[in-house]
Amino acid sequence: MIEFRSIEKVFPDGTRAVDDFSLVIPSRKTTVFVGSSGCGKTTLLRMINRMVDATGGELEIDGENVSSIEAVKLRRRIGYVMQNSGLLPHRTVVDNIATVPRLTGVSKKDAHARALELMDTVGLDRAMADRYPAQLSGGQQQRVGVARGLAVDPNILLMDEPFGAVDPIVRAELQQELLRLQRELGKTVVFVTHDIDEAFLLGDQVVILEKGARIAQKGAPEEILANPANDFVASFIGADRGKRALSIREVDGQRVVVDAEGTVAGRLSEPGAA
Amino acid sequence: MNWLLDNLELIGELTVQHLRLSAIPIVLGFVLAIPLGWVAYRYKLTRGLILTFVGLLYTIPSLAMFVILPPIIGTPYISEANVVIALTIYAVAIMARSVADALASVDGDVKQAATAMGYGGFRRFWTVDFPLAGPVVLAGLRVVAVSTISLLTIGSAIGVSTLGYLFTNGNQRGIVVSVLTGVIVTVIIALVVDRLLVLLGRLLMPWTRAMAQPGAQRRALASASGRSRAAEVAT
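If you read the sequences in order, they're chains A and B. As numbered in the UniProt record's numbering, residues 1 to 274 make up the first sequence, in order. As numbered in the UniProt record's numbering, residues 1 to 235 make up the second sequence, in order.
No wet-lab data here; the hints were simulated from the structure. Fair warning: there could be bad hints in the mix.
List of simulated lysine-lysine pairs, DSS-like, C-alpha gap at most 25 Å [as the list claims (entries may be wrong)]:
1) B:K111 - A:K108
2) B:K44 - B:K111
3) A:K187 - A:K73
4) B:K111 - A:K73
5) A:K187 - A:K211
6) A:K243 - A:K218
Next up, chain A with everything else stripped away, as it sits in the complex (with noise of 0.2 Å):
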């Protein structure tokens, strides 16, 4: 379990990035904070990590307290995914998972191993394990990178926007993969997007951000969705508008659900029909 209590950040230059933010992220499940660029959310996300440092408040991990442990320790216990993979361009395939291993000090035979184990379980080829990042599709670099985020089995997987800037075919392909790992693994995973239907996708718990790290809403996706707290988050949600404003039309006695620009989205089946 993370829990926020009252996190605050200024920056040097006086920005407040983060103020009074409290929340309780729960284990085994997907967290997902969802804003605008600029609204705090991969702030927060690097607090758990400490890469970046809360200036008030406290962040605690298990009842732990992250200020004291010493960061470069925490950080190799957390998984971290970034945008662009942010693979070490200079080292394989194979190396580049095995990162946080060796870091930790495990032998290379090891390390290298279990980063082969992990490339089936991220659904990569082992034949590409003596390549380098430059000589993969973006698919395949992000598949890596979750990969290495996972090498050290860590409890938490911090995922900070991973599938952005991926192909929309390629990046629904990753989320079914990651929804597929996270039934297998059950990791706590605190996952960072803008887009609002990513995070419907992934989220057990969606976290609605404003400016400041401001929460709108939070809750399960089905909450929001029925109940959204403000104008603001149905706008963001888009509640009111496109496929997600469906209404009820009757065809030949049968009903059907069409979205807001009168599009067939399907058929409504009573509840306990097949």
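Guided by the hints, dock chain B onto chain A, whose structure is given.
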């Protein structure tokens, strides 16, 4: 032609001497420029100071440098040390800027990622930042190597024997072949050392070729973004 055959031994000796004397400033300049370049890269204030200072050093003409140095550092005027130190100063002047630029050229995302993985500062510098700065550092080092090898010929003007001796002596005695030989051998050495540095770069930085490969990206795309297609390629 006779002159050439009669003096093969001298040419050989001078070549070895020349290589030995140019190697010291090149290596020393490289090593000293790393901390200097790092400080210049790391802090805004020192960047201006250091880069302006080394820039000024480089503008001092070499003959003037040979004359200024001895009273300052106490070396004899006619000594290898005098020449080597002067050339080291030039080497540092070029390399410090190269190293600073090279470190600045490293992708910020990669540095962030390395920190997020749990690299400490020192380890990150030597295993991530510096290797990735390698290609730009190498470009600077090649300039330093070639310029040191050519500048070293001036050493013979103050009596230190290098390939420059073939120019000065040949010129005084009116032996054109001697002058030409001096020029050609110097150029050949410079070219060979330059090639060797390029090869060394390829050996130490095999990843740079992967990045430069035309179509690397295209091939990767063709050979799958997911498991299913990758498996097809493998079979």
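Results of checking the hints against the structure:
1. B:K111 - A:K108: Between K111 (chain B) and K108 (chain A) the Cα gap is close to 23 Å, so the pair holds against 25 Å.
2. B:K44 - B:K111: holds (19 Å)
3. A:K187 - A:K73: Cα-Cα ~19 Å, so holds.
4. B:K111 - A:K73: holds (17 Å)
5. A:K187 - A:K211: violated (28 Å)
6. A:K243 - A:K218: holds (22 Å)
In this structure, only the earlier hint numbered 5 is contradicted, and the remaining ones agree with it.
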